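K.L.:
Here are the chains, one letter per residue:
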Amino acid sequence: GAVVSQHPSWVICKSGTSVKIECRSLDFQATTMFWYRQFPKQSLMLMATSNEGSKATYEQGVEKDKFLINHASLTLSTLTVTSAHPEDSSFYICSALHINTGELFFGEGSRLTVL
Amino acid sequence: GENVEQHPSTLSVQEGDSAVIKCTYSDSASNYFPWYKQELGKGPQLIIDIRSNVGEKKDQRIAVTLNKTAKHFSLHITETQPEDSAVYFCAASKGGKLTGGGNKLTFGTGTQLKVEL
Chain P
0 GAVVSQHPSW
10 VICKSGTSVK
20 IECRSLDFQA
30 TTMFWYRQFP
40 KQSLMLMATS
50 NEGSKATYEQ
60 GVEKDKFLIN
70 HASLTLSTLT
80 VTSAHPEDSS
90 FYICSALHIN
100 TGELFFGEGS
110 RLTVL
Chain D
1225 GENVEQHPST
1235 LSVQEGDSAV
1245 IKCTYSDSAS
1255 NYFPWYKQEL
1265 GKGPQLIIDI
1275 RSNVGEKKDQ
1285 RIAVTLNKTA
1295 KHFSLHITET
1305 QPEDSAVYFC
1315 AASKGGKLTG
1325 GGNKLTFGTG
1335 TQLKVEL
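If you read the protein sequences in the order shown, they are chains P and D.
Numbering-wise, my numbering puts 103 at position 104 of the first sequence, and it's gapless, one number per residue.
If you want my numbering, it's the 1-based position in the second sequence plus 1224.
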């Protein structure tokens, strides 16, 4: 089946630094990818929709200048958490929409811990 | 926007028993309802989905039912096994497979299922 890879799977950083998380569709192309945030024992909350070659669409309440999204190719979207703070510590999950079948595939998630 | 409620938040069953998780949604325009299983520290995995033109779908031990009028859908797991223990999420969207709409999913709050020996 189609695979979506996230990297890194976990990262620890100091407060004030920036962290980049990659989301790759390994064996299919995706014009649309989604980024979610999941706090412990909570549901997945959509942060933004990433569109290849255009600006991302952010959900209400998500700061676009803090969570930078770049979808530079049909197989890669990146989420950069800028000036990270402890409250940004969370599990970040991406999903990719198969360009041909319309099926949605999820990555394995990236655990961010900000000290 | 869409609001999805899910119950129960925790469910404990004996191995071999059935488990039922229920969800309701608010937006009558939603037409695609997937269910995901999430194991600890991993991303969600699609286990079954249903579209609004179907009332029931079954895949081995897993089945989903949809009542469009009442705007609720349920997941049924029969003959539960310890490996079924996980968090289950329902979701709803206006787009679905092959229909475009972006597949912008709204998730339920999750159900922690524990299957005891």
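Warning: the hint list may mix true and false statements.
[To be verified] Calculated cross-link-like contacts (lysine-lysine; reagent style BS3-like; alpha-carbon spacing at most 25 Å):
| no. | chain 1 | residue 1 | chain 2 | residue 2 |
| --- | --- | --- | --- | --- |
| 1 | D | K1328 | P | K54 |
| 2 | D | K1318 | P | K19 |
| 3 | P | K63 | P | K19 |
| 4 | P | K13 | P | K63 |
| 5 | P | K40 | D | K1282 |
| 6 | D | K1328 | P | K63 |
| 7 | D | K1328 | P | K65 |
| 8 | P | K40 | D | K1281 |
| 9 | D | K1246 | D | K1328 |
| 10 | P | K13 | P | K54 |
| 11 | D | K1292 | D | K1338 |
| 12 | P | K40 | D | K1338 |
| 13 | D | K1318 | P | K54 |
| 14 | P | K40 | D | K1266 |
| 15 | P | K40 | D | K1246 |
| 16 | D | K1338 | P | K19 |
| 17 | D | K1281 | D | K1328 |
| 18 | P | K54 | P | K40 |
| 19 | D | K1328 | D | K1318 |
| 20 | D | K1338 | D | K1318 |
| 21 | D | K1318 | D | K1282 |
| 22 | P | K13 | D | K1318 |
| 23 | D | K1266 | D | K1246 |
[As the list claims (entries may be wrong)] One-sided and incomplete, this derived list gives chain D residues near chain P with beta-carbon spacing under 10 Å:
| no. | residue |
| --- | --- |
| 24 | Q1230 |
| 25 | P1232 |
| 26 | S1236 |
| 27 | A1243 |
| 28 | Q1262 |
| 29 | G1265 |
| 30 | L1270 |
| 31 | S1317 |
FYI, nobody ran anything at the bench for these hints, they're computed from the structure.
In this text the structure is predicted, and so the values were computed from the model without any measurement.
Ideal Cβ positions, reconstructed from N, Cα and C, are used throughout, including at glycine.
K.L.:
Kindly indicate which numbered hints from before are broken by the structure, ordering the numbers from low to high.
P.N.:
2, 5, 8, 10, 11, 16, 18, 20, 22, 25, 26, 27
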